[in-house]
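2 protein chains.
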Amino acid sequence: MATKVSIGIDIGGTNSEFGIVNEAGKVLARGMINTPTKDNIKQFIEDLAKGIRQLMSQINDAEYAGIGIGAPNGNYYAGTIEHAPNLPFKGVVPFVELLKGQFPEMKKIVLTNDANAAALGEMIYGGAKGMKNFIMIAIGTGLGSGFVVNGELAYGSDGFAGELGHITVTAEGRECGCGQFGHLETYCSATGMVRTAFELLSHHNAKDSLLANKTFNQLTSKDIYDAAKQEDEIALTVFEITGDILGQALADAIHITSPQAIFLFGGPVAAGELLFKPIRESMESHLMPVFKNKVKLLPSQLRLGEAAILGASALVAK
Amino acid sequence: MATKVSIGIDIGGTNSEFGIVNEAGKVLARGMINTPTKDNIKQFIEDLAKGIRQLMSQINDAEYAGIGIGAPNGNYYAGTIEHAPNLPFKGVVPFVELLKGQFPEMKKIVLTNDANAAALGEMIYGGAKGMKNFIMIAIGTGLGSGFVVNGELAYGSDGFAGELGHITVTAEGRECGCGQFGHLETYCSATGMVRTAFELLSHHNAKDSLLANKTFNQLTSKDIYDAAKQEDEIALTVFEITGDILGQALADAIHITSPQAIFLFGGPVAAGELLFKPIRESMESHLMPVFKNKVKLLPSQLRLGEAAILGASALVAK
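Residue numbers (our numbering), protein chains in the order written: chain A, 35 to 352; chain B, 35 to 352.
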């Protein structure tokens with residue numbers, strides 16, 4: 035009997051990964067190519083197709099449900115990637131249409147933004163199985179989110195819903211990659227944590243901090259985590275501030291969609307209670323009574339290295 | 035042939051209104067009783083039932099789809115009114131169950147919070163016909179909201195979704211009726227506008243303002259509107275500030291659910307461009323590019339006096 039599988043593709047700023055996933059959420063084969071640094075979409079699609087065909091040749095007797103794609107600024111309805119600041123492709127790329135040219139035999143080719151894909155991955159393969167209302171928060175270079183409402187992913191009127199990273203947390207605050215100011219992801223993301231560390235270093239003139247010997251371009255959220263484990267004051271304060279702001283934003287989101295749980299995903303989530311504790315405290319302190327002590331704050335159950343592929347494949351596996 | 039109708043009930047802090055509505059959204063008959071000031075739910079249910087029976091006797095040959103109820107802190111799933119600060123009933127009131135005792139013949143008796151009901155009213159009888167994703171904002175004593183996502187009202191995991199009035203707009207800001215601080219409705223509501231007026235009067239020591247001769251308990255948002263029409267500086271600034279904060283909150287909501295339109299409803303909305311202009315400017319200024327100049331900001335198409343009944347009836351008319 036044929037094995038039922040689907041293909042997941044995750045388009046990232048540096049690399050693009052892809053894999054073949056079975057119904058149980060096991061990645062049977064996976065591959066990767068570099069995302070080009072120049073706007074040569076035709077070549078990229080051909081390279082991607084070649085890589086995927088190679089994987090397909092490794093799986094015998096497979097029945098394909100289709101291809102799911104997670105991409106920054108992915109438009110679910112149009113199947114396009116639109117003005118993605120971290121990708122080299124300019125304007126509106128008809129990604130699904132281009133991929134259909136390479137895989138005419140596939141029944142379904144569907145695209146959405148990466149955090150929406152991760153939310154579907156959590157719902158189908160992860161910790162949100164059976165949940166009708168939950169929120170997925172993906173903390174990386176930026177902060178992405180996917181909102182599941184009444185058992186369905188919220189795509190909104192234009193396919194772009196779920197941009198919690200761009201709600202305003204400080205009017206006239208930090209400059210955001212999108213051009214506006216004070217947005218959540220300028221504080222609560224790997225990048226935001228580095229910005230907070232540098233703000234704190236300058237504010238406290240903290241020459242003895244473990245973080246004082248790296249350049250702005252060198253410092254990572256992992257460095258901050260390592261310093262926090264060694265009780266570095268600046269690093270610990272970065273986690274406090276990040277958690278405090280994220281907790282307030284999550285409370286906002288709870289007031290709007292009243293989820294059963296919020297899942298956190300991404301590199302900085304590895305810090306565990308160092309991050310979860312201040313988030314939880316701040317979140318609860320901003321909630322109106324009817325929502326208090328009700329919403330679970332959980333780490334994603336998807337493995338970090340596989341989540342993007344699983345999530346993308348979940349788009350067609352459902 | 036029997037006329038298909040449904041019954042709508044709006045439970046308010048002062049009065050409770052009810053009406054019989056036909057499929058076209060016409061209120062065929064309506065009535066009102068005082069909401070009691072003491073916690074006597076049994077008597078209230080009996081009085082309400084009596085009033086409704088009286089209306090029913092006026093309509094010949096009607097076929098009833100059921101009874102819909104809009105109430106503050108209404109829980110859609112449980113059919114209960116829970117800890118409503120502006121109602122005399124303590125704790126959790128099994129409102130739907132009590133009403134079923136009075137109307138055993140009704141196929142459906144459904145309850146939700148008043149702003150959710152208004153959203154359904156807008157979708158079925160008003161300006162949101164055919165829209166799959168929109169937000170209803172009801173500005174009154176507080177600020178209520180209803181979110182329609184993928185064509186369905188978002189009730190959330192517990193029946194309480196849609197509390198945009200309680201997102202945090204200023205950390206450590208004004209005290210909110212719910213016990214927390216800095217929530218949207220402490221600024222952007224009829225009450226919030228009065229609070230802003232008094233803050234401005236005190237800040238500017240504005241003895242010559244038209245608003246300087248009313249007590250805190252006397253002043254209404256209508257007074258502020260009247261003063262603004264006469265170019266009173268304080269009153270005009272109240273509208274600027276209210277619009278500025280509400281616009282930022284609406285941008286937050288857009289980033290999350292990406293609606294096609296946002297409908298504003300309630301007394302202060304009568305101020306028209308005086309309120310809409312600062313909201314629109316602030317909203318657009320906080321949006322990431324992909325959402326800019328896309329989301330319609332519209333006045334509700336429901337008549338102010340009928341909206342609550344229409345909305346409630348829409349709960350069962352759908």
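No wet-lab data here; the hints were simulated from the structure. Please note that the accuracy of each hint is not assured.
Now the stretches of chain B that chain A is said to cover, found in silico as 3 or more residues with beta-carbon under 8 Å [claimed, not checked]:
1) 72-83
2) 183-191
3) 292-304
Glycine included, each C-beta is placed from N, C-alpha and C at the ideal position.
These are the hints, each one checked on the structure:
1. 72-83: violated (count 0)
2. 183-191: Holds, because 7 residues of the segment 183-191 of chain B bring their Cβ atoms closer than 8 Å to Cβ atoms of chain A.
3. 292-304: With 3 residues close enough to chain A, the hint holds.
In summary, the one numbered hint that this structure violates is 1.
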